[in-house]
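Use the sequences and the hints to build the structure in full.
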Amino acid sequence: MSQGSVAILSLTVGYVYFLIRTLGETKRLSHIPSLGFSDPLLSYWSALRYVLDPPGFLSREWPKVRNKFIRIPSDTKFVKVPSFTRWTVVPTDSGQYSEIVRAPDRLVSSGKAIDEKIDVQLPGRNKEYVNANIDFAVEVMIMAHVLTVVPASLRSFVNRIVSPIHSRVKQITNFVQPVVDARRAEQARLGENYEKPFDFLQWTMDSAIKHGESDRQIVLRMMLTNFGSIHTTSLTFTNALLTLLAHPQYIDPLRAEIEQAIKEEGWTKAAMDKMELLESFMKESQRIDIIGAVLGIRMAIEDLTLGGVFIPKGTMLASNILDSHFSKSAWGSDSLEFDPYRKFVLNRMLHPS
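Number 158 in full-length UniProt numbering belongs to position 158 of the sequence shown; there are no gaps in the numbering.
Bear in mind the hints are in silico, worked out from the structure with no lab data behind them. Quick reminder that beta carbons are idealized off the backbone N, C-alpha and C, glycines included. Watch out, some of these pointers could steer you wrong.
In silico EDC-like cross-links for lysine to aspartate or glutamate, where the CA-CA straight-line distance does not exceed 20 Å [said to hold, decoys possible]:
#, residue 1, residue 2
1, Lys170, Glu213
2, Lys283, Glu257
3, Lys269, Asp334
4, Lys77, Glu61
5, Lys274, Glu264
6, Lys313, Glu25
7, Lys196, Glu186
8, Lys274, Glu257
9, Lys127, Glu139
10, Lys343, Glu279
11, Lys27, Asp303
12, Lys274, Asp252
13, Lys27, Glu302
14, Lys210, Asp199
15, Lys170, Asp215
16, Lys263, Asp273
17, Lys274, Asp289
18, Lys283, Asp334
19, Lys274, Glu259
20, Lys77, Asp93
21, Lys196, Asp181
22, Lys196, Asp215
23, Lys210, Glu195
24, Lys170, Asp135
25, Lys196, Asp206
26, Lys343, Glu257
27, Lys283, Glu337
28, Lys170, Glu186
29, Lys343, Asp252
30, Lys343, Asp273
31, Lys263, Asp252
32, Lys313, Glu61
33, Lys343, Glu276
34, Lys269, Glu257
35, Lys328, Asp93
36, Lys328, Glu302
37, Lys343, Asp289
So the derived label-pair ranges between C-beta atoms look like this [to be verified]:
#, residue 1, residue 2, range
38, Ala271, Gln177, 34 to 40 Å
39, Pro248, Arg106, 47 to 53 Å
40, Thr305, Glu213, 29 to 35 Å
So, in structure tokens, the structure goes:
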């Protein structure tokens, strides 16, 4: 490579770095301390550490938030966590997350956070329909990362060219629309004698009529619901199963409770209500074996101030799950230990039979 090429490359890299540093999200959030490096380039190293080991990264960096001898001021109320595409701002005290939750939807929205990922029970036993929804969930996450590195002014154009989601909407519409049409025809035929199905699709159809929405909105809501439930449900069950395999001493007590409940109530909701130890086990599994270190994502729709800290429009807000799940003040001195009877004992204390 010639000296001229090296000079041009160096100037290009320097210019890109200058733009990122002066116009990017890092500049807008410069007043909020960072976990790891805050420099636009060095922050990628912190992002890599976070992606490879989220709990480890947070457990190492989080104590610095409350240590006045480290670079993060002791009175800090929010810090930002790095990723490869953007920063996520989280409160330093898990109790402060309530401010984010209580903020009106016109200022902070979980829906807009999801909309950043997508630009846009039925035949649930149909394998093609199930696979289409699973593929949609994966494609949403892929496009989320692709589009966040594209300038905002070009995202709509790039999305139309490369996104597979539009064709996925058409595919799933071919499953949902016939069911919607059939229900409407049946309702028109039977009139007042029509008994509406008790499921999410019917609720969505009724809501669409109430708000004057199109059938496309019904399809999109079905897809969004499946997007939010497929992997979270499977991960929760998988983690619980792995937790049980790691603690086999609880297999027999759980089996005994389940068998007794089914013997008394059969395969019913009433039987599920009697499986108190199973519920406690599942909740403790979710507390210890978390599916994400930073969850409860919200997006700032407008500039706002939370706890005296300015939050620019477009900022992602979330909660540090590790801080709340392992807090000794909330769970006791054994907060780091797995205790499947934790919720069971608490429920018995709160609701003695």
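Can you confirm whether the C-alpha distance between Lys196 and Asp181 stays at or below 20 Å? Holds. Lys196 to Asp181 sits at ~14 Å (cutoff 20 Å).
Given the hinted pair Lys170 and Glu186, is their Cα-Cα distance within 20 Å? Violated, at roughly 24 Å.
So if I understand the rule, the pair passes when the alpha-carbon distance is 20 Å or less; does Lys274 with Glu259 pass? Holds. Lys274 to Glu259 sits at ~11 Å (cutoff 20 Å).
Does the alpha-carbon distance linking Lys343 and Asp252 stay inside the 20 Å limit? Since the Cα atoms of Lys343 and Asp252 sit roughly 18 Å apart, the hinted pair holds (cutoff 20 Å).
Does the alpha-carbon distance linking Lys343 and Glu276 stay inside the 20 Å limit? Status holds; Cα separation ~9 Å.
Below or equal to 20 Å on CA atoms is what counts here, so check Lys274 against Asp289. 24 Å, violated
So if I understand the rule, the pair passes when the alpha-carbon distance is 20 Å or less; does Lys196 with Asp215 pass? 18 Å, holds
Is it true that the CA of Lys343 sits at most 20 Å from the CA of Glu279? The hint holds at about 8 Å.
Holds or violated: Lys343 and Glu257, Cα atoms, limit 20 Å. Since the Cα atoms of Lys343 and Glu257 sit roughly 15 Å apart, the hinted pair holds (cutoff 20 Å).
Restraint status (C-alpha distance of Lys196 to Asp206 at most 20 Å): 10 Å, holds
Starting from Lys170, check that the Cα of Glu213 is at most 20 Å away, please. Since the Cα atoms of Lys170 and Glu213 sit roughly 18 Å apart, the hinted pair holds (cutoff 20 Å).
Given the range 34 to 40 Å, decide if the beta-carbon distance of Ala271 to Gln177 lies inside it. 37 Å, holds
The earlier numbered hints that this structure contradicts are 3, 17, 28, 32, 36.
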